[in-house]
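*Asks:* Each chain is listed here by its residues.
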Amino acid sequence: MAADKKIGAYICKGCGLGERLDCNQLEKIAKTEGKVALAKQHDFLCSQAGVEMIKADISEGVTHVMIGACSRRAKTEAFNFTGVAIARANLREGVIWVRPDTDDARETTQEMANDYIRMSCAEIKFMTQPETSGEQGLIKHILVVGGGITGMTSALEAAKAGYNVSIVEKQAQLGGAAGQLFKRIPVRAPYQHPADTGIAELATAIAASDKIKVYLNATVTRTSGAPGRFSADISQESGSTVTEQFGAIIQASGFKPYDMNQLTEFNPDNADVVDQLGLEALAKAANGAAIKRPSDGKAVQNVLFIQCAGQRSQKPGHLSYCSGHCCSTSIKQAMYFKQYNPDIQTTVLFTDLRTPGAGGENFYRSGQDQCVTFLKGIAESVTPGKTGPKVKFDNLLLNETVEQEFDLVVLATGMVPNSGPNPYLEQELALAKEKKETEKVVVLEQELVFEKSKASILNLDYRQGTDMPQLVHGFTDSHFICFPYETRRTGIYTAGPVRRPMDIGQAMDDATGAALKAIQAIENSALGRAAHPRSGDLSYPKFRKEGCTQCKRCTVECPFGAINEDEQRYPQFNEARCRRCGTCMGACPVRVISFDNYSVDSVGQAIKAVDIPDEFSEKPRILVLACENDAYPALDMAAMNRSEYSAFVRVIPVRCLGSVNTIWLTDALNSGYDGAVLLGCQKGDNYQCHFVKGSEMAHYRMSKIGDTLTQLNLETERVETHEVAITDIQRIPEIINNMAKTIEKIGMSPFKF
Amino acid sequence: MSSVNTAMVEKYRNNFLKEVSDNVEEGEWVRMCMQCGVCSGSCPLGPHWEHPPQELFMMIRANKREEVLSSTSMWMCTSCYNCMVRCPRELPITHIMHGLAHYAKRLGLAPKEQPTNKFSQMFWNNLVQTGRVNELKLGLALYFMNGFSEGIKMSMKMRPIGQGMFFTGRMAPMEILGGHGVKDQKGFHAMLKKAEELEAARVGAHV
Ligand code: SF4
Ligand code: SF4
Ligand code: SF4
Numbered sequence: 001m002a003a004d005k006k007i008g009a010y011i012c013k014g015c016g017l018g019e020r021l022d023c024n025q026l027e028k029i030a031k032t033e034g035k036v037a038l039a040k041q042h043d044f045l046c047s048q049a050g051v052e053m054i055k056a057d058i059s060e061g062v063t064h065v066m067i068g069a070c071s072r073r074a075k076t077e078a079f080n081f082t083g084v085a086i087a088r089a090n091l092r093e094g095v096i097w098v099r100p101d102t103d104d105a106r107e108t109t110q111e112m113a114n115d116y117i118r119m120s121c122a123e124i125k126f127m128t129q130p131e132t133s134g135e136q137g138l139i140k141h142i143l144v145v146g147g148g149i150t151g152m153t154s155a156l157e158a159a160k161a162g163y164n165v166s167i168v169e170k171q172a173q174l175g176g177a178a179g180q181l182f183k184r185i186p187v188r189a190p191y192q193h194p195a196d197t198g199i200a201e202l203a204t205a206i207a208a209s210d211k212i213k214v215y216l217n218a219t220v221t222r223t224s225g226a227p228g229r230f231s232a233d234i235s236q237e238s239g240s241t242v243t244e245q246f247g248a249i250i251q252a253s254g255f256k257p258y259d260m261n262q263l264t265e266f267n268p269d270n271a272d273v274v275d276q277l278g279l280e281a282l283a284k285a286a287n288g289a290a291i292k293r294p295s296d297g298k299a300v301q302n303v304l305f306i307q308c309a310g311q312r313s314q315k316p317g318h319l320s321y322c323s324g325h326c327c328s329t330s331i332k333q334a335m336y337f338k339q340y341n342p343d344i345q346t347t348v349l350f351t352d353l354r355t356p357g358a359g360g361e362n363f364y365r366s367g368q369d370q371c372v373t374f375l376k377g378i379a380e381s382v383t384p385g386k387t388g389p390k391v392k393f394d395n396l397l398l399n400e401t402v403e404q405e406f407d408l409v410v411l412a413t414g415m416v417p418n419s420g421p422n423p424y425l426e427q428e429l430a431l432a433k434e435k436k437e438t439e440k441v442v443v444l445e446q447e448l449v450f451e452k453s454k455a456s457i458l459n460l461d462y463r464q465g466t467d468m469p470q471l472v473h474g475f476t477d478s479h480f481i482c483f484p485y486e487t488r489r490t491g492i493y494t495a496g497p498v499r500r501p502m503d504i505g506q507a508m509d510d511a512t513g514a515a516l517k518a519i520q521a522i523e524n525s526a527l528g529r530a531a532h533p534r535s536g537d538l539s540y541p542k543f544r545k546e547g548c549t550q551c552k553r554c555t556v557e558c559p560f561g562a563i564n565e566d567e568q569r570y571p572q573f574n575e576a577r578c579r580r581c582g583t584c585m586g587a588c589p590v591r592v593i594s595f596d597n598y599s600v601d602s603v604g605q606a607i608k609a610v611d612i613p614d615e616f617s618e619k620p621r622i623l624v625l626a627c628e629n630d631a632y633p634a635l636d637m638a639a640m641n642r643s644e645y646s647a648f649v650r651v652i653p654v655r656c657l658g659s660v661n662t663i664w665l666t667d668a669l670n671s672g673y674d675g676a677v678l679l680g681c682q683k684g685d686n687y688q689c690h691f692v693k694g695s696e697m698a699h700y701r702m703s704k705i706g707d708t709l710t711q712l713n714l715e716t717e718r719v720e721t722h723e724v725a726i727t728d729i730q731r732i733p734e735i736i737n738n739m740a741k742t743i744e745k746i747g748m749s750p751f752k753f
Numbered sequence: 001m002s003s004v005n006t007a008m009v010e011k012y013r014n015n016f017l018k019e020v021s022d023n024v025e026e027g028e029w030v031r032m033c034m035q036c037g038v039c040s041g042s043c044p045l046g047p048h049w050e051h052p053p054q055e056l057f058m059m060i061r062a063n064k065r066e067e068v069l070s071s072t073s074m075w076m077c078t079s080c081y082n083c084m085v086r087c088p089r090e091l092p093i094t095h096i097m098h099g100l101a102h103y104a105k106r107l108g109l110a111p112k113e114q115p116t117n118k119f120s121q122m123f124w125n126n127l128v129q130t131g132r133v134n135e136l137k138l139g140l141a142l143y144f145m146n147g148f149s150e151g152i153k154m155s156m157k158m159r160p161i162g163q164g165m166f167f168t169g170r171m172a173p174m175e176i177l178g179g180h181g182v183k184d185q186k187g188f189h190a191m192l193k194k195a196e197e198l199e200a201a202r203v204g205a206h207v
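If you read the sequences in order, they're chains A and B.
Read in order, the letters of the first sequence correspond to residues 1 to 753 in the working numbering.
Read in order, the letters of the second sequence correspond to residues 1 to 207 in the working numbering.
Hints should not be assumed to be uniformly reliable.
Computed list of lysine-lysine pairs in DSS-like fashion (alpha-carbon distance at most 30 Å, straight line) [stated by the list, open to error]: (1) A:Lys298 x B:Lys64; (2) B:Lys11 x A:Lys386; (3) B:Lys11 x A:Lys338; (4) B:Lys157 x A:Lys376; (5) A:Lys386 x B:Lys64; (6) B:Lys64 x A:Lys292; (7) A:Lys338 x B:Lys64; (8) B:Lys11 x A:Lys292; (9) A:Lys440 x A:Lys552; (10) A:Lys183 x A:Lys140; (11) A:Lys376 x B:Lys11; (12) B:Lys157 x A:Lys298; (13) A:Lys13 x A:Lys31; (14) A:Lys392 x B:Lys157; (15) A:Lys390 x B:Lys64; (16) B:Lys11 x A:Lys390; (17) A:Lys392 x B:Lys64.
For the chain A half of the interface with chain B, some residues (derived, Cβ under 10 Å), not all of them [as the list claims (entries may be wrong)]: (18) Tyr364; (19) Cys371; (20) Lys376; (21) Asn395.
Partial list, computed: chain A residues near chain B (C-beta under 10 Å) [unchecked claim]: (22) Thr347; (23) Ser703; (24) Asp707; (25) Thr710.
Think of the hints as simulated: they come from the structure by calculation, not from any bench.
These numbers were taken from a predicted model, which means no experiment stands behind them.
For every residue, glycine included, the Cβ atom is placed at its ideal position computed from N, Cα and C.
Here chain A stands alone, though its shape is the one from the complex (with noise of 0.2 Å):
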């Protein structure tokens, strides 16, 4: 603790926490226990007179600022005070509201305030108030990676708001799968025809930017450095090779069309049965005159799509999602038929007729309007036969097996992300290795070899991987719930079919969405400040070289590739790429990794702060580390249902679970804790969890508690973790009730001192 450090106490008694709670005695707390420089009382601390109370304080030299009021994330705008580190001390959510107020009850509530008192004025002591690190840089130049309509769009609209930009593009020209289409599903009211691709205007505009700059026939071959301060190497074919200066990237990378000759059961090989890119191709020969078949050019008559092909299939080798745009799409073609011609059979052969976004459903009727015939069922097989394939199908709604001889079969096979080697597969086999998920090994296996046969697109010089990490089926990971354009690589936006299947529709609001949070990322770089969810946030991991072991568990854990390696093979923090979850400090063995205003210190420090009663005092104390994101928002909800929960619980926020070091679960326990219950969100597939990793790493090693537990000689029941929602308002409150009935059962911890 530096000398200048000069900490004031406000306690505040608005709220009824005068009432409830002897003030005097938290005054007293703060003044000898937490040895504070000066510590007052105010009967309305986020009043005007209570906030200038403690400017004054600051004007005098205070730099560091105790709250005992309301929670941390209460009257936030109140309590912001510059240049100083600031501690809150949760006395109205996390005690008056959640404690009954008689008279047998307040010797309880009174301690759990005193010792929320304790706590903060532990881990004031170890904060600091946050700078900048100074490595920053403000490069206003975005690259985009993909010259198809997304990437198109993307750089316009960055491009518009005055960002310079060059695409990438691996083929000749611009335009990608948007550019192969006749005409795309209309976006505008009343989406009832088939509307011109825009293709054409965005490359005019793209060619009339004096900001954007496009590199065609050209690859990225190397991707180095953090938002802010990315460096590019860009080859063309020519093999000329250009190096540029980034602020951020987007990786418009798009789909590939599922390869419809796997389906074989549908006659692949017939030239007349093509997949919808490949009626596109003689739609646009065609030009609005009649449609020609390739086998033999005759005009087409009758044509049947077959919808889901190879998708929406849990059969091997099948697309087992939807790509959500095939059932427009194949409602679009039969309208290029039915415009040249309203007399053409068109036959959609559909499971579930799917139109998603605002004029779905107003499209299928127009299709439906213009003598579309929209047939459920599903297709068995096609083979060759007398005029054209003969398709096999099953009418599920007449319940009958028909056959039947269409000129022209289309085939609507799905999108395949078009993405790079997963980074992660490696890591997820091993682990299935060690878990000893057979099942899921062997399909790792296989996703290896395939992902391994995949050319970089990015070339990532990170410790952790050329690409992207995937989420699942390819496509790339981003926050689906909370901040869909947040990938796993901090100041990379990838956006468009490549994320997650899409139509032209939404890859054009997807671009927008990517070419914004690139502008967010280069600015928010530019002044050390941190992307969602901690945005804003200037603090970041430091650590102190002289006692790494050089273990790598940060570099391998920090679920955004933050943390590169030096020459020396020290881990390498790059500031900007961090999003300061803290797993990287969890993970940390010897505990050299800490924040300024957040560390394995101002967390333990806090830990240890605790008055803990004697063993016969039948007052157990449990630990709960709660997940500041969902977790905590929940407990402070739930004491503004005024739900009670136990009095020998003490609330402790943490940036995310992944931050939780295993040193403080023994030092708590070696100090007398009776349990510890750790609240993180949900992890796996479906995550909710903020930093996408960190709940997933608290898991897994707090799933190896138990043997310091046995060591100690401690019943494992004494630590549980939980994944939580924000919306476990009512849950939250009986697990932490549960603890306290567990802890009855089993008895006092013999730890006690």
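Got chain A sorted already, so can you dock chain B with the ligands onto it with the hints?
*Replies:* The following block gives chain B with the ligands in isolation, referenced to the frame of chain A:
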């Protein structure tokens, strides 16, 4: 089979949906059905039909022309309008049912023995004679619809009611001799003829 029928088969070949769209009253709505099945689930008679509305609509799309037009199903509709108020796509289902029945009848494909069809024909035949319904004749014809002995049995059963109506002046037995009619019968028949011509021309126009 009527010549109109042959002409229609010739004209629409394999596109029964279009034929229905063009020729059946409110038939253009059939293509808007999204096959949710709410109508079939709502129809109080649904369980007794061979093909409830949703299925009829699917059969139309599947080109089951013969089966649809010769079906007894749409003749079963009681015009309760349950389906129509519930259909999420707002199809005028009840009207389509009658439209289909009417079209089938016009093409000569309607099932002759279907009671609704039979009674409707009887009603029509009765009505066109004088321009007024002759209730006595219609009632008796209805009793004897299914043969002589059935008719006698039915008449005996209904005798007390008939007597009651007679004594209170609700039934005029003299109606059996011809009955009353509209004033200008000649004009009435001319009107019907004209209407038939117009209708034939309308259907013919599509042929
Ligand atoms: S684990 Fe979290 S805090 Fe640590 S470097 Fe990675 S993103 Fe930053
Ligand atoms: S109107 Fe006819 S078809 Fe509709 S529910 Fe009633 S009886 Fe059934
Ligand atoms: S309720 Fe309407 S939309 Fe649904 S099946 Fe019946 S007619 Fe079709």
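*Asks:* Grab the minimum C-beta distance from A:Tyr364 to chain B and call the hint holds if it beats 10 Å, violated otherwise.
*Replies:* holds (8 Å)
*Asks:* So if I understand the rule, the pair passes when the alpha-carbon distance is 30 Å or less; does A:Lys376 with B:Lys11 pass?
*Replies:* holds (26 Å)
*Asks:* Is A:Lys392 close enough to B:Lys157, meaning Cα to Cα at most 30 Å?
*Replies:* Judged against 30 Å, a Cα distance of about 57 Å means the pair is violated.
*Asks:* B:Lys11 and A:Lys338: Cα distance at most 30 Å?
*Replies:* holds (18 Å)
*Asks:* For the pair supplied as a hint, B:Lys157 and A:Lys298, confirm whether the alpha-carbon distance does not exceed 30 Å.
*Replies:* Violated, at roughly 70 Å.
*Asks:* Hint check: is the beta carbon of A:Asp707 less than 10 Å from a beta carbon of chain B?
*Replies:* Violated, about 58 Å.
*Asks:* So, A:Asn395 near chain B? Judge it on the closest CB pair being under 10 Å.
*Replies:* With Cβ-Cβ at 6 Å, under 10 Å, it holds.
*Asks:* A:Lys390 and B:Lys64 were given as a pair; does the straight-line alpha-carbon distance stay at or below 30 Å?
*Replies:* It holds: about 19 Å lies between the C-alpha atoms, which stays within 30 Å.
*Asks:* Take a quick look at whether A:Lys392 and B:Lys64 sit within 30 Å of each other, Cα to Cα.
*Replies:* Roughly 17 Å between the alpha carbons, so the hint for A:Lys392 and B:Lys64 holds.
*Asks:* Is it true that the CA of B:Lys64 sits at most 30 Å from the CA of A:Lys292?
*Replies:* Holds, at roughly 28 Å.
*Asks:* Tell me if A:Cys371 is really an interface residue toward chain B, meaning its C-beta lies closer than 10 Å to one of theirs.
*Replies:* At about 6 Å, which falls below the 10 Å cut-off, the nearest Cβ of chain B leaves the hint on A:Cys371 intact, so it holds.
*Asks:* Quick one, are A:Lys13 and A:Lys31 close enough, alpha carbons at most 30 Å?
*Replies:* This hinted pair holds, its Cα atoms lying about 17 Å apart.
Comparing the model with each earlier hint shows violations of hints 4, 10, 12, 14, 23, 24, 25; every other hint is respected.
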